[in-house]
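J.: Here's the letter readout for the chains.
2 protein chains.
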Amino acid sequence: MKCRKCGREAVINMRQHKLALCDAHFLEWVSEQTQRFIEKYEMFTPQERILVAVSGGKDSLSLWDVLLRLGYRADGLYIGLGIDGGVDYSSQSHVMCDKFLAGIQADLADRRSQTADPQLAPADSNWKPTLHMVDLAHVYGETIPQVAARTTRGRGKPCSVCGLVKRHVMNRVARDGGYDVLTTGHNLDDEVAVLLGNTLSWNAGYLLRQAPVLPADKPGLARKVKPFFRFYERETAAYALVRGIEYIYDECPFAEGSTSIAHKEILNQMEKDSPGVKLRFYLDFLRAREQGLFAQQAAHVELNACDKCGQPTSAPGRCAFCRLWEGKKTAEVGQASQV
Amino acid sequence: MKCRKCGREAVINMRQHKLALCDAHFLEWVSEQTQRFIEKYEMFTPQERILVAVSGGKDSLSLWDVLLRLGYRADGLYIGLGIDGGVDYSSQSHVMCDKFLAGIQADLADRRSQTADPQLAPADSNWKPTLHMVDLAHVYGETIPQVAARTTRGRGKPCSVCGLVKRHVMNRVARDGGYDVLTTGHNLDDEVAVLLGNTLSWNAGYLLRQAPVLPADKPGLARKVKPFFRFYERETAAYALVRGIEYIYDECPFAEGSTSIAHKEILNQMEKDSPGVKLRFYLDFLRAREQGLFAQQAAHVELNACDKCGQPTSAPGRCAFCRLWEGKKTAEVGQASQV
Numbered sequence: 075m076k077c078r079k080c081g082r083e084a085v086i087n088m089r090q091h092k093l094a095l096c097d098a099h100f101l102e103w104v105s106e107q108t109q110r111f112i113e114k115y116e117m118f119t120p121q122e123r124i125l126v127a128v129s130g131g132k133d134s135l136s137l138w139d140v141l142l143r144l145g146y147r148a149d150g151l152y153i154g155l156g157i158d159g160g161v162d163y164s165s166q167s168h169v170m171c172d173k174f175l176a177g178i179q180a181d182l183a184d185r186r187s188q189t190a191d192p193q194l195a196p197a198d199s200n201w202k203p204t205l206h207m208v209d210l211a212h213v214y215g216e217t218i219p220q221v222a223a224r225t226t227r228g229r230g231k232p233c234s235v236c237g238l239v240k241r242h243v244m245n246r247v248a249r250d251g252g253y254d255v256l257t258t259g260h261n262l263d264d265e266v267a268v269l270l271g272n273t274l275s276w277n278a279g280y281l282l283r284q285a286p287v288l289p290a291d292k293p294g295l296a297r298k299v300k301p302f303f304r305f306y307e308r309e310t311a312a313y314a315l316v317r318g319i320e321y322i323y324d325e326c327p328f329a330e331g332s333t334s335i336a337h338k339e340i341l342n343q344m345e346k347d348s349p350g351v352k353l354r355f356y357l358d359f360l361r362a363r364e365q366g367l368f369a370q371q372a373a374h375v376e377l378n379a380c381d382k383c384g385q386p387t388s389a390p391g392r393c394a395f396c397r398l399w400e401g402k403k404t405a406e407v408g409q410a411s412q413v
Numbered sequence: 075m076k077c078r079k080c081g082r083e084a085v086i087n088m089r090q091h092k093l094a095l096c097d098a099h100f101l102e103w104v105s106e107q108t109q110r111f112i113e114k115y116e117m118f119t120p121q122e123r124i125l126v127a128v129s130g131g132k133d134s135l136s137l138w139d140v141l142l143r144l145g146y147r148a149d150g151l152y153i154g155l156g157i158d159g160g161v162d163y164s165s166q167s168h169v170m171c172d173k174f175l176a177g178i179q180a181d182l183a184d185r186r187s188q189t190a191d192p193q194l195a196p197a198d199s200n201w202k203p204t205l206h207m208v209d210l211a212h213v214y215g216e217t218i219p220q221v222a223a224r225t226t227r228g229r230g231k232p233c234s235v236c237g238l239v240k241r242h243v244m245n246r247v248a249r250d251g252g253y254d255v256l257t258t259g260h261n262l263d264d265e266v267a268v269l270l271g272n273t274l275s276w277n278a279g280y281l282l283r284q285a286p287v288l289p290a291d292k293p294g295l296a297r298k299v300k301p302f303f304r305f306y307e308r309e310t311a312a313y314a315l316v317r318g319i320e321y322i323y324d325e326c327p328f329a330e331g332s333t334s335i336a337h338k339e340i341l342n343q344m345e346k347d348s349p350g351v352k353l354r355f356y357l358d359f360l361r362a363r364e365q366g367l368f369a370q371q372a373a374h375v376e377l378n379a380c381d382k383c384g385q386p387t388s389a390p391g392r393c394a395f396c397r398l399w400e401g402k403k404t405a406e407v408g409q410a411s412q413v
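Residue numbers (the numbering used here), protein chains in the order written: chain C, 75 to 413; chain A, 75 to 413.
Hints were generated in silico from the structure; no laboratory data involved.
Honestly, I wouldn't trust all of these hints.
Since copy identity is lost for identical chains, a pair holds within one copy or between any two.
What the hints assert, rightly or not - Restricting the straight-line Cα-Cα distance to at most 27 Å, the calculated cross-link-like pairs of lysine-lysine (DSSO-like) are:
1. 79 with 240
2. 92 with 231
3. 79 with 92
4. 114 with 292
5. 114 with 79
6. 231 with 346
7. 173 with 240
8. 79 with 338
9. 292 with 92
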């Protein structure tokens, strides 16, 4: 298979685009496509400050890499969940994020010294990316497995608690750090698996909200965007590989046997028989919703500020996150340490 | 595995219902459930005249069997499509329908002579089921493969033409015969495969119309109902087997490689991992639509009577069916011969 652009040996063939590319042109293509998605879906501008939630995996580190190389002012946020799973999962993930940051800082400094390309330092030539770190055990006194075991929300699997905690911490760091936008590395496979789940149960609330861009719930809060939502998982993995980004290969130990993994397998089988079906499923969904397929739900949820942390919540007093820690001594809205 | 009702050896285990039943209790259960669905979804009443579209397959013959045993006045309609496919498909299908009719007529006569059960002859004790037969080659001058090959609508596969022709003929026979309701043997697997296809492409028009009961498009036309839409395919097959109904095992030769078969395989795999997912997917869809998930589409399609056949059509002059035969000499709206 030859690269469509230069005829060299291709490293990847994307059947849904009928496009094979060599290593250099694949990196370029990912970068160009990301920029195109950012503009098309009005995710953010070069003037805005961006927070990238990084897990140490291929998607989020690749996203951070692409955004920085495109000249965006993107800082990272790593949340230490305290998950071990026999593979020292959380510590290893953190190491990957640190390594990535050291590498990209050196890269960017090199490129800055070699070129006068203003895109590499759009607003402030002294700016360099940082990594925020919030360690749950340190800040809140418990790891994810611990808090899940203590509360009914955990019910054997900590995934629901983990999602709640991550959303809260991401919001808080984005707000406290004055970020305009919070980005996550969700790829198409992630999004389509969620869409399939929401569709199988015809969950109106979720179907109406699932989107590559979620506006800020309240003034002052960051909007949430997913610049990689049109890339297949194998493409983000290929990007990390070709770019030489080290990342943690293990899935979260708690993900095993999850519905979303089962849905991904189903969708991959469909994709094999019908290349592009995953992408069309998601894009057709966005198009149909845009064209008014779904009724505007009359039941508008009123959000108010949590008594304790101030984040938007539909609950009358404290938000679900703050209630999670009630009765538990914490270091109280701890500062995110910075690298 | 034991029958839940009597403890005898079960012939089927329905994981989605956590229900295993012996042969006798399974037959009883299918019958009771069918009656329940007919009432719950207001499909028809014992006073109405029913036309069952029969293909010679397990679903439609089982449906006809159940309806007759429940005491409904249900006649059959067999459409001779002229499909051979190396297995003499259409002729064999017709033979199965004839055989079934002979058998059930004898059965019903026996039961009538033995009991005074008025349900067996609800309106007229002399009534007995008949089978309408419309042979396309005879009535319209061409078989399905022939008309598909002649028209652009065929495009290699005659399935689209076949669907159009069958809908037209079913409507016509129902109208000419004064039937109140047209029933088809679609089972849950059929319905869910279609739903998955409509969902993957987010086809608003199809999503809004897919239902177990479709009201008559125009006064005087029969409504269309699917009394078996909640039974899994393996259940209708088991019913035919246990009841001793002979049916044609072959799929239509043109169905091979179809999208709906691919979707059925995907859904069966999901069902294996998560028993009941097919049923929930469909019922949740009906519930969500009932609860107003979808917007009422403003674009109401105005139907008018076809210039030639009088059936409702969105086209200004002749309907798609009549245009299909233009330039082709036909025996002109031939009479359905009756057995």
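J.: Each of the hints needs a verdict: does it hold here or not?
T.: Results of checking the hints against the structure:
| no. | hint | in the structure |
| --- | --- | --- |
| 1 | 79 with 240 | neither (41 Å within a copy, 50 Å between copies) |
| 2 | 92 with 231 | between (40 Å within a copy, 25 Å between copies) |
| 3 | 79 with 92 | within (13 Å within a copy, 57 Å between copies) |
| 4 | 114 with 292 | within (23 Å within a copy, 45 Å between copies) |
| 5 | 114 with 79 | within (24 Å within a copy, 61 Å between copies) |
| 6 | 231 with 346 | between (31 Å within a copy, 22 Å between copies) |
| 7 | 173 with 240 | within (22 Å within a copy, 66 Å between copies) |
| 8 | 79 with 338 | neither (31 Å within a copy, 39 Å between copies) |
| 9 | 292 with 92 | neither (42 Å within a copy, 47 Å between copies) |
In terms of the numbered hints stated before, the structure departs from hints 1, 8 and 9, listed from lowest to highest.
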